[in-house]
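Student: So the protein lines, in turn, are chains S and G. So in the working numbering, the last spot in the first sequence is 133, and the numbers never skip. So in the working numbering, the last spot in the second sequence is 983, and the numbers never skip.
Honestly, the hints are just simulated from the structure, not real lab data. Just so it is clear, CB atoms sit at the ideal spot from N, CA and C, and this is done for glycine as well. Some hints here could point you the wrong way.
Said to hold, decoys possible - Cβ-to-Cβ under 10 Å is the rule here; a few derived chain S residues that face chain G: (1) Asp41; (2) Arg106; (3) Thr110.
Claimed, not checked - Distance windows between CB atoms, simulated: (4) S/Ala113 <-> G/Ala812: 57 to 67 Å; (5) G/Leu958 <-> S/Leu111: 29 to 39 Å; (6) S/Leu111 <-> G/Asp711: 56 to 66 Å; (7) G/Ala602 <-> S/Leu111: 46 to 56 Å; (8) S/Pro22 <-> G/Pro613: 33 to 43 Å; (9) S/Glu97 <-> G/Phe961: 53 to 63 Å.
To be verified - Covered by chain S, per the in silico footprint, the following chain G stretches (three or more residues, Cβ under 8 Å): (10) 736-747; (11) 919-927.
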Amino acid sequence: MSKSLVDANARYLKTHEWARPAGEEFVIGISDHAQQAMGDLVYVELPRVGDKVAVGERFGVVESVKAASDVYMPMAGEVVAVNTTLETAPDGINREPYGEGWIIRIRPTLAADFDALLDASTYQALLDAEEA
Amino acid sequence: MLKQTALHAAHKSLGGKMVPFGGWDMPVWYSSAREEHLAVRTVVGLFDVSHMGVLDVRGPHACAFLDHVATNDVSRLAVGRSQYAYLLDDAGAVIDDIMIYRVADERYLVVVNAANNDKDIEWLRAQNAGEFACDLRDLRDPTAGADMRVDLALQGPASQVLLEKLLPDAAAIAALSALPWAGIFETTLAGHTAFVSRTGYTGERIAYELFVHPDESVALWHALLDAGARPCGLAARDSLRTEAGLPLYGHELAGPLALAPFHIGFDNFVKQQKPADFIGKATYAAYAAAAKSRLVRFRMNEKGVRPSKLGDPVLDRRGRVVGTVTSCAQDTAGFLTGLALLESAAEPGTGFAVVALPERMPDLLKPFAPFGSRALVPDAMTVVGRWRKE
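Sequences and hints are given; from them, build the entire structure.
Tutor: Next up, the structure:
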């Protein structure tokens, strides 16, 4: 695998989901490392707008032809937008995991959940250990 | 402990994502399985298939021996040609699918599946007792010395032009351009002694397999990359062969569905009428006459649906299970294409549905199911021609 990218403005779960502030809300997706490990994605299962999801709860599934992986909530909140373009073009996550490949946007129950996540440098150190 | 090919370090340095396959640590892809698939269809891709078994069968009775253990008519195989065949057991079940290359009057190379290599050798040695007494050697075993050979596959429309650059002289270039499908000849490639055959497992017709000494496979690999080949992993190999409609042992042959050549449209590689008697002949014929289920190739009607896999059910319009998926992968156009065993043959254009079973089964629908709960949705597919059109 090529060296994976880390978005400095996002914070991370050990399971490779990220959250990034967008005004009062947060955008959530999976990291570059996660998409590289999965390979070309062919299917994404999304939650619905209005779903309330707890920290650590499974909110979706990403699948490549070779693997399927649950996606977990880095922060508690209510889903306010889902990236429906992924339903027909799941490879958006492969192209830009921190950009067009975002998965959901949430209104957080507690914005301080964000501070409990791994910051970019800690997550990078975790990847360095994994990819070494 | 996983085995490694001589190219293992080369795969790691190219960024290959390594996975276990048939007891070997092999690259599943380097950058993108999809781009690697497209490279083979449009330009040229290079696969390390040196995990596959390469056997050498020599001796005055080599032809008679192979005719006895293999289903194709080895007596009709000319020097410089190859044929696809099966090893059957006494019960007529498939032990493995193999390629037989006749490289000299009394010398054949036999290429077998990686996962079946040891089983096949043991079976062949047991049959080789008595009158045949062939010299039967494993060409990946160091005891084969200078005769050791491993397989690299160079596949795709630009593979001939690329290979020409590595040939020693005009005579070799002429031999390559005259090489028919399934032909084989010995030459040098970038200075390395090699058998070059026009065969493969991708559905491409301009496609070659290169048999070289493992010590020279690394240098040849780099020479082929330098000449413009794109390294391709097992995922592209699988999606290309699935799209082409070719069987994989364990999925479309033998495996949980106990599939045989007659199920999958490959019955013509079992030569019931050939002069030689062969192991499994009578039992195979009885088994073939009784079977009604047939393999079809299908394509999902929409993109972005969940990929199915070996074991997923195929439904008719009324929700009745009429088949089982055996393989599924993304095709050249980006649709999921697969192979499925149906209870009886179906014409191209026939519609069915596939239920891609997730690892975790959702709650079944029940009255007053809470909003937000999920059920399985069958995805529509259409039977397409058994073979990919070029």
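Student: I'd like to know which numbered hints this structure contradicts. Please list them from smallest to largest.
Tutor: The structure breaks hints 2, 3, 9 and 10; every other hint is satisfied.
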